[in-house]
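Each protein sequence line maps, in turn, to chains A and B. Those letters in the first sequence? Residues 1 to 427, by my numbering. Those letters in the second sequence? Residues 1001 to 1885, by my numbering.
Just so you know, these hints were derived from the structure itself, not from any lab. Worth double-checking, as some hints may not be accurate.
Unchecked claim - Here are a few chain A residues that sit away from chain B, every Cβ distance over 12 Å (derived from the structure):
id	residue
1	GLY73
2	LEU133
3	ARG140
4	TYR173
5	GLY203
6	ALA229
7	THR296
8	ASP364
9	GLY370
10	GLU377
11	GLN404
Said to hold, decoys possible - Examples of chain B residues toward chain A, derived with CB under 10 Å:
id	residue
12	ALA1044
13	VAL1085
14	PHE1087
15	GLU1093
16	LEU1407
Stated by the list, open to error - Simulated crosslink set (EDC-like; lysine to aspartate or glutamate; CA at most 16 Å straight-line):
id	chain 1	residue 1	chain 2	residue 2
17	B	LYS1329	B	ASP1594
18	B	LYS1132	A	ASP159
19	A	LYS250	A	GLU270
20	B	LYS1297	B	ASP1014
21	A	LYS384	B	ASP1594
22	A	LYS34	A	ASP159
23	B	LYS1062	B	ASP1081
24	A	LYS188	B	ASP1419
25	B	LYS1131	A	ASP364
26	B	LYS1421	B	GLU1163
27	A	LYS188	B	ASP1014
28	A	LYS188	B	GLU1163
29	A	LYS372	A	ASP301
30	A	LYS153	A	GLU163
31	B	LYS1009	B	GLU1083
32	B	LYS1883	B	GLU1836
33	A	LYS195	B	ASP1411
34	A	LYS250	A	ASP278
35	B	LYS1062	A	ASP387
36	B	LYS1329	B	ASP1014
37	A	LYS153	A	GLU186
38	B	LYS1542	B	ASP1330
39	B	LYS1489	B	GLU1365
40	B	LYS1402	A	ASP75
We put the CB at the ideal spot given by N, CA and C, even for glycine.
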Amino acid sequence: MTLEKPLTKDIPQDGRGLDLEGYQRADGYQALRKALRNMTPQKVQEEVKDSGLRGRGGAGFSTGTKWSFTPMGADAPRPKYVIANADEMEPGTFKDRYLMEGNPHGLIEGMILAGYANQSDVAYIFVRGEYKLSQERLARALAEAYSAGYLGKKILDSDYSLEMYLHVSAGRYMCGEETGLLNALEGKRANPRAKPPFPPVSGLFGKPTIVNNVETLANVPHIINHGAAWFQSLSRTKDAGTKLYGASGKVKRPGLWELPMGSTMREVVEDHAGGMLDGLRFRGALPGGASTDFLTEQHLDVPLDFTEVQKVGSRLGTGTMVVLDDQTCPVGMTRNLIHFFAQESCGWCTPCWSGLNWAEQILDALEDGGGKPGDMEKLEFQTKFWDPSHTFCALAPGAAEPLQSALKYFHEDFERHITEKGCPFRS
Amino acid sequence: MGTIYIDGKPYDADPKQDLLVACLSRGFNLPYFCWHPALGSVGACRQCAVKHFKDEKDTKGKIVMACMTPAKEETRISIDDPEAVAFRAAIVEGMMLNHPHDCPVCDVGGECHLQDMTVMTGHDYRRTRFKKRTFRNQYLGPFLSHEMNRCIQCYRCVRFYREYAGGHDFNVFSISNTVYFGRYEDGVLENEFTGNLVEVCPTGVFTDATLRRHYTRKWDLRMAPSICGHCGAGCNTTIGERYGLLRRVLTRFNSEVNGYFLCDRGRYGYEFVNSEHRIRTARLDGQSISTDEAERKLKSLVSGGKAIGIGSPRASLEANFALRRLVGKDRFFAGVDDNQWRMITTMLEILRAGPARSPSLHDIELSDAVLILGEDVTNSAPRMGLSLRQSVRQQGFAIAQKLKIPLWMDDAVREAAQDAKSPLFIAAPGATRLDDVATTTYRAAPVDVARLGFAVAHEIDPAAPEVSNLAEEMRDLARIIANALKSAKRPLVISGLSCRSDAVIQSAANVAKALCDGGRPSALSFVAPECNSFGLALMDPKPLSEAFRMAEDGDAETLIILENDLYRRVPPKGVDGFLQSARHVVVLDHLTNDTTEKAELLLPAGTLAESDGTLVSSEGRAQRFFSVFAQQDEVRESWRWLGDPAWTTLDELLAAMAEALPRLAPAVQAAPSSKFRMAGAKIPREPIRFSGLTSITANISVVEPKPPDDPDSALAYSMEGTSDQPPGALQPFFWSPGWNSIQAVNKFQAGIGGALRGGDPGVRLFQPTQRGVYFATIPAAFARRDAEWLVVPMEHIFGSEELTLSAPAIAELVPAPCLAVSVEDAARLQASAGQEVEIELNGARFRLPLKVQPELPPGIAGLVAGLPPARGAALPAWCRILKTV
């Protein structure tokens, strides 16, 4: 049943990327032909909306709904933009890289379809600076797509034209935030922007802009080819499609697998990642990257989709989990995460730039034996201080998630750091 | 107006505003940092959090930032909600993690917005035990001290500097809690408005480096409302004094004039008042004499009736009127050269006749299409330049409105607007500091600037005279400009004296008239070169050349020269002859200069800081300034030296002036009279915390002196009096309980950012009443000469104004004299930048280095106005470049 893995089925297992010829052999660009010949932009939007596709960057917002905010028609401001957010920098996440390296045309076709659906004029792939191989393969794929007439003026002799550029990020976590990305692309500091106005209204250079994650866009050709109902049928739950799940940490086979949406953590860790390394026990996991709450053993059978994970107090996020074992210090792991978030704060809003650095100082003290009674309360306080209604963007609220859940599930470990004046895992 | 509910009670609120403005306008104390009334909302600091409820039934609510939330009809919020209160305290706590506890040695201690907001939120206990982050500070030039450790990352400085003031050499660097605001390397900040960072910064990162040299706390300053005397814009200032030194200048908010900002010349020029070159006693033939002797001497010198008076465009109406009355109106002369005089009079006549109205700086900001003819406004009237820089945003506002983005949402508006700018056309002989926001610049000789203006007028209204032999590209440009002005709602034409060209002024008048006649109410602004150019002109003085002739004819036995260095006005030969031809020369001034050197009787005249008086700005607004010094030494107001002994107070002088010159009568109303009282008392110049009252003169006598009397104004040299809000013209300082910083101005406005309660100070002296006539004398196009260059004066913010040259901080930034020529001409001369050249100008020879200015058209050369050799020279004039050295 190859259809169950639409995103990855055609990616060669030998590490070579799929070139245009290979992609076309695997029905590549058929969805584009279909859309340009037989579907209006509105129809493409509707199909995607009906499919139930939700954003794979972590927020899980309905892609079709996002597209429906784009002003259409002759009066719409021009140029309109479509952007692939390929600035994959969420710690523990490496799914978009796999798609870009393995099947760059899949992303490009998805973007052209998104462009057509929103009548965009210009497209950018905003790719993480460190993703050298992705950049090379995307650049080659773009050249191939141009010479084959899939990009540029009058694509496949239709009335639709789209110019697509590869933009390599200068590299900061904030560049992956939707509006920080837009600022970065404009050559400004990658600070987030206030919303509203949302990018479909005033985005890149103040013009209507759609920003979608790589995995999200890569799903679009398949939805157009096979239809919304098919896409829904791929999932085990209400959230449609397949999902790239990953696992890192001390498991036997860290990796990435395309599975039906709603697969469980147990399946990912035990069946696909081969379980924990010998002698270690599973203690918990961040289900979808650094900015999601820890889940523990009791959650191993929760279906991993946007809705169900939220019910147990975490988020699906990027779907690539970081596994914590019983011999790794959860406080040290949390400190490492908070260090990352503190370092990557853009410095715009006070709860974020001040609070994250303070939290890091407290966690450093805990780890280095300088913890004091009251420190946990201060950390607790900070996690509430970083509430989404308090901050300008989702960075600090994201940082709050691992910290607040660590304080909840690994309370004793924190306390021992204070009473034993240092990290008990190090002795 | 709609209704919003704050903690359960209904209040009026404008739905077009944000909730922070709505709350502050209703008098609530809601703390904030990143928001600034002139800069709008960006939502960075999160300090103005309130609880927002969906509807009446919602009891849980959600924290929102007031500055980022519209004050929509039926909005329900709570300021007192415990969660919101705790959150606001936590924000200050976050800022205080790194803010040094150095208030006692910080220059803004006692007038710090961060201190005020900290107290307001109730944060008072430090819960962190970790080290603070620290920075290296930068040298930013003579105006600002930099102390980055105090930074709370509100981003106001960079938003003001780059986005509002258009500066490029200042930015925000790094991220997280090490965000750094400064230059890419140490160096003098390039912008003309850097001093505003002192007021824009909510704490002590940017402080006044000149104040630091003679530091005084705000509460220890005696303060007075003043008017800046260093250009014609008429900015309102608050000046502060202690121990006989003028300590600093701050912005005095006036929504129609300067709003929240000043230029650096206006803020830092004050130090000339403390100069060692001040004339502090009367002198007869160089020897100090007593005031009584000086008065007797003056009386004897004018008693014969053969005295003539030379007025001054930098002296008050009162000083000029006192002189005019003393010598008689037919013996009262304009203290500027005849050409300038004629041009100022023409400008005034055009504005008084109409049809175009002279705009306030606020009106200028709202203009949606502007044509500037012959002025580099940022250098000739700097604060007006800042208003023009805002005017080009009108186009962006329209785009934002179309996208339903509220205009207070500053970042979003700028994002939507991108590079969209309303039309701004600048025609001038050289580069101007607004070129970066101009739609098109046209660089040409003054006559060609005028021809363009005339051509634009003709394009708008065929009845306006046509320009003959007009080059096609110029006609195209004129058409583009005409169309832009015609399709604007609030078009504006600006010109002035910088080109020293009647034709340029007349062409501007034609454009404005053409627009008005076509039903588009254009504004017309003429940049008055000095702080009271228009005030002097309204007194109908005679041209200076007639004074020269009179003296030559022996009809002027005594010359009385009021606050005027004639060597800056006309070539030295003329002044020498003039001064020699009179038997007696009386000079009143503040600083020694070439003219005071020639005085037989020299009288120490009070500066604006030591005087009461009235100035008339470019707008035609008469504004009163008040002394901050109780009388010291022998320094007196010029009008007191010269005035009718029957005038015991300023009020009587003003009454006499109104009677003699009815057109100046409204100026009497520029401020309440000396009789004005609030709660039976005068308005104190000193804050209630003013310290040292009993010790300030204890080195002289331990007896506490009676507060000095001030018969001329309703202000007192005292800390006693009412704390109620006085009329705007009498506002000595902005201070309100809990609001110790300059941001206390919030508490004095009818609505945030709007007029002061009771109205902004100042009265307009004229309104257009007639339809005007077209000027029809159109000059021929510029013809460059083979071996000669037409020298035009180029205004410079630092250097072109006389008094501020004696302010040490400004003196550091005065450009070195040079002759600017185009690239082509430099090549023709086979000379490179910096090379010395010898020039012959008006018969005199000078040596000075060459400056290559690519923006200059070939055949034109530029000299910095006010500095040698342009100082006193009749310009424009043809010069020869004799040789390169």
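Here's how the hints hold up against the structure:
no. : hint                     : result
1   : GLY73                    : holds, 15 Å
2   : LEU133                   : holds, 28 Å
3   : ARG140                   : holds, 33 Å
4   : TYR173                   : violated, 10 Å
5   : GLY203                   : violated, 9 Å
6   : ALA229                   : holds, 37 Å
7   : THR296                   : holds, 29 Å
8   : ASP364                   : violated, 9 Å
9   : GLY370                   : violated, 9 Å
10  : GLU377                   : violated, 10 Å
11  : GLN404                   : holds, 16 Å
12  : ALA1044                  : holds, 5 Å
13  : VAL1085                  : violated, 14 Å
14  : PHE1087                  : holds, 6 Å
15  : GLU1093                  : holds, 8 Å
16  : LEU1407                  : violated, 13 Å
17  : LYS1329/B with ASP1594/B : violated, 27 Å
18  : LYS1132/B with ASP159/A  : violated, 60 Å
19  : LYS250/A with GLU270/A   : holds, 12 Å
20  : LYS1297/B with ASP1014/B : violated, 64 Å
21  : LYS384/A with ASP1594/B  : violated, 70 Å
22  : LYS34/A with ASP159/A    : holds, 14 Å
23  : LYS1062/B with ASP1081/B : holds, 10 Å
24  : LYS188/A with ASP1419/B  : holds, 14 Å
25  : LYS1131/B with ASP364/A  : holds, 13 Å
26  : LYS1421/B with GLU1163/B : holds, 13 Å
27  : LYS188/A with ASP1014/B  : violated, 33 Å
28  : LYS188/A with GLU1163/B  : holds, 13 Å
29  : LYS372/A with ASP301/A   : violated, 37 Å
30  : LYS153/A with GLU163/A   : holds, 8 Å
31  : LYS1009/B with GLU1083/B : violated, 19 Å
32  : LYS1883/B with GLU1836/B : holds, 9 Å
33  : LYS195/A with ASP1411/B  : holds, 11 Å
34  : LYS250/A with ASP278/A   : holds, 9 Å
35  : LYS1062/B with ASP387/A  : holds, 11 Å
36  : LYS1329/B with ASP1014/B : violated, 53 Å
37  : LYS153/A with GLU186/A   : violated, 24 Å
38  : LYS1542/B with ASP1330/B : holds, 7 Å
39  : LYS1489/B with GLU1365/B : holds, 13 Å
40  : LYS1402/B with ASP75/A   : holds, 12 Å
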